[in-house]
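J.: Protein chains in written order, with UniProt numbering: chain F, 1 to 245; chain D, 1 to 338.
If you're looking for bench data, these hints aren't it; they were derived computationally from the structure. Even for Gly, the Cβ is constructed at its ideal location relative to N, Cα and C. Heads up, some of the hints might be wrong.
[Stated by the list, open to error] Derived Cβ-Cβ restraints for the label pairs, each shown as a range: (1) F:27 <-> D:239: 16 to 22 Å; (2) F:233 <-> D:67: 30 to 36 Å; (3) F:8 <-> D:312: 57 to 63 Å.
[Unchecked claim] Chain D stretches covered by chain F per the calculated footprint, using a threshold of three residues with CB under 8 Å from any CB of chain F: (4) 129-140; (5) 159-168.
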Amino acid sequence: MKSDQETGFPQISPLGIDGLLVRFADRFDDSANRAALAFRELADEMADVQETSTSLGAVYLRFDPHELPHAALMDRLRGLLAERNWYNAPLPANHRIWRIPTVYGGAHGPQLDATADLAGTDADSAIEELSTARLRVMAIGFAPGFPYLGQLPERWNLPRHDDLKTAVPPGALCLAIRQCVLFPAQSPTGWRHVGSTAFRSFRPDHDQPFLLQPGDEILFPAVPARDFDRLTEAPHGGASCEPAQ
Amino acid sequence: MTTLILHRTGPGTSVQDLGRSGYLAQGLSRGGAADPIALAEGAALLNQPPALAALEIVSSIEVEVTEPTWIALTGAPKKASRDGQPLSWNACHRLAPGQRLTLGAATEGNYAYLHLAGGIETPQQVGGRGAHLTAGLGPTLSDGMRLPIGPPPAPVQRERALPSEDRFGGGEIRVLAGPQTGLFPAEVLERFLATPFIRTAWGNRQGVKLGHEGEGFRPAGGLDLMSEVIVPGDIQVTGDGTPYVLGPECQTIGGYPRIATVAPQDLPRVMQATPGARLRFRMVTLEEALASHRAIERVHEDASGQLQAQEANPYHNLMVHNLISGVAIDIFDNKDET
Numbered sequence: 001m002k003s004d005q006e007t008g009f010p011q012i013s014p015l016g017i018d019g020l021l022v023r024f025a026d027r028f029d030d031s032a033n034r035a036a037l038a039f040r041e042l043a044d045e046m047a048d049v050q051e052t053s054t055s056l057g058a059v060y061l062r063f064d065p066h067e068l069p070h071a072a073l074m075d076r077l078r079g080l081l082a083e084r085n086w087y088n089a090p091l092p093a094n095h096r097i098w099r100i101p102t103v104y105g106g107a108h109g110p111q112l113d114a115t116a117d118l119a120g121t122d123a124d125s126a127i128e129e130l131s132t133a134r135l136r137v138m139a140i141g142f143a144p145g146f147p148y149l150g151q152l153p154e155r156w157n158l159p160r161h162d163d164l165k166t167a168v169p170p171g172a173l174c175l176a177i178r179q180c181v182l183f184p185a186q187s188p189t190g191w192r193h194v195g196s197t198a199f200r201s202f203r204p205d206h207d208q209p210f211l212l213q214p215g216d217e218i219l220f221p222a223v224p225a226r227d228f229d230r231l232t233e234a235p236h237g238g239a240s241c242e243p244a245q
Numbered sequence: 001m002t003t004l005i006l007h008r009t010g011p012g013t014s015v016q017d018l019g020r021s022g023y024l025a026q027g028l029s030r031g032g033a034a035d036p037i038a039l040a041e042g043a044a045l046l047n048q049p050p051a052l053a054a055l056e057i058v059s060s061i062e063v064e065v066t067e068p069t070w071i072a073l074t075g076a077p078k079k080a081s082r083d084g085q086p087l088s089w090n091a092c093h094r095l096a097p098g099q100r101l102t103l104g105a106a107t108e109g110n111y112a113y114l115h116l117a118g119g120i121e122t123p124q125q126v127g128g129r130g131a132h133l134t135a136g137l138g139p140t141l142s143d144g145m146r147l148p149i150g151p152p153p154a155p156v157q158r159e160r161a162l163p164s165e166d167r168f169g170g171g172e173i174r175v176l177a178g179p180q181t182g183l184f185p186a187e188v189l190e191r192f193l194a195t196p197f198i199r200t201a202w203g204n205r206q207g208v209k210l211g212h213e214g215e216g217f218r219p220a221g222g223l224d225l226m227s228e229v230i231v232p233g234d235i236q237v238t239g240d241g242t243p244y245v246l247g248p249e250c251q252t253i254g255g256y257p258r259i260a261t262v263a264p265q266d267l268p269r270v271m272q273a274t275p276g277a278r279l280r281f282r283m284v285t286l287e288e289a290l291a292s293h294r295a296i297e298r299v300h301e302d303a304s305g306q307l308q309a310q311e312a313n314p315y316h317n318l319m320v321h322n323l324i325s326g327v328a329i330d331i332f333d334n335k336d337e338t
């Protein structure tokens, strides 16, 4: 457990004219991510806060500064930060567990073999490990509905490719730097493409356009390639979702 | 129902409103008009709420309506004509079916707006009508397309005009310190605030690249930062030290350091600065920024109040005649008529 004196965090700073940023770390740290997710749940309940979001280690609060002075909100946030050790807080109570069927390797994950090799394992063991890992939606960004999922064991601490010439299809499951990402739309990327899902985390024409929330957990169980067409017909690409509690 | 027929729509034309709020946690930035002040002014001219959608135009268009419709022209002044007759800018006009409205090259600025009484009523997507290009939201416009117009507001409309605030020539831009300002050594920040910048030709709804003489602006301790929350107006510095002012369609999180954030009331002046215009940044306190900040609803109320005051003036009819026809006295010192 870290103390505020040692690290200088959490820190509260204005961001723009109508926002505050509560930062729990300045380098990626799993406990800072848990702190941000838990603290956002609390910030979301404040009636005079208009919107909240999270990055990997911080919570952003947007409010009307003409109605709610910065100093008043900062005081309130300092009080809440002091109430507990946020770095070991549980995930938000309303988070869910998703199981998203995934076809690994072959045409559906053309970089699986090379990626497994770099991680010092083989394709079958990699599939076994990736399909049973319980990953957390640490933040959503880069593109609408684009989740950063973590955290994989140290062996998956592989760099992203520098060359962004390869485009991956919507639903692509990719990994690097001990994280997975799931592409909502076709995109060129330096992340390593290991599998494909029929899950679309951003559906602009649905009543519920976004399926994932920061703090949700996801498993990517392996299914055979012959099942892929069936998954594309199924609601949510065959994914299931249940409350964590 | 009234329909707007797009006979010709140049590149970059899009439907825009005040954007979509509430989706930052899902990675969707608010988006909306690059110049929301222009959106509010057009709405005031047409006696309607500022949230209605309008056309944002960066090149040229030629359009027609199927029913008599009041229109307003705001934002970056363009050469405007109705069946070949010039129309004044920052004003509203009547457009009859069959008449062709043409907007040509901008005389200055970047984003012009065509408002229609009743607003553009293309289907809502994710709680808004505006095009969000990076998210693939909003209609993609093409020649020959028809856009539905909503029912016009009830009050009787008349020709009127608003004085145009010059926000197209750059100038001094107020900025606020942010969570990452402290990553930049004091002398780098000082040099940033003392540097005259040029608004380069590289710019879109995601952001505007700034040009300057001399070395770049680099934070201490390199660039391996954790991705952090971004807001429109943030001045992001890329690896080579080049600053970019981020626009309404910026990403929601990103890994480049931000040296400061443009106050929202000055962001339209950055987005609208004509390429080549000079910009200089002045750091202000939150208190100073808040004192001159008005939410867009207030900008709309103020513009509406200004129009009412004009109408209460006994010389109103003469003034409007002069503004609309652009002859005789140019009481607001408009530069768009000759």
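J.: Would you say the segment 159-168 of chain D counts as covered by chain F, given the rule of at least 3 residues with C-beta under 8 Å?
T.: Violated: only 0 residues of the segment 159-168 of chain D have a Cβ under 8 Å from chain F.
J.: Go ahead and decide if the range 57 to 63 Å is satisfied by the Cβ distance of residue 8 of chain F to residue 312 of chain D.
T.: Between residue 8 of chain F and residue 312 of chain D, where Cβ atoms are some 58 Å apart, the hint holds.
J.: Do three or more residues from the segment 129-140 of chain D put their C-beta atoms closer than 8 Å to C-beta atoms of chain F?
T.: holds (count 4)
J.: Using the beta carbons of residue 27 of chain F and residue 239 of chain D, state whether their distance is inside 16 to 22 Å or not.
T.: 19 Å Cβ-Cβ, so the 16 to 22 Å window holds.
J.: Should the hint that residue 233 of chain F and residue 67 of chain D are 30 to 36 Å apart at their CB atoms be regarded as holding?
T.: violated (44 Å)
Hints 2 and 5 from the earlier list are contradicted by this structure; the remaining hints agree with it.
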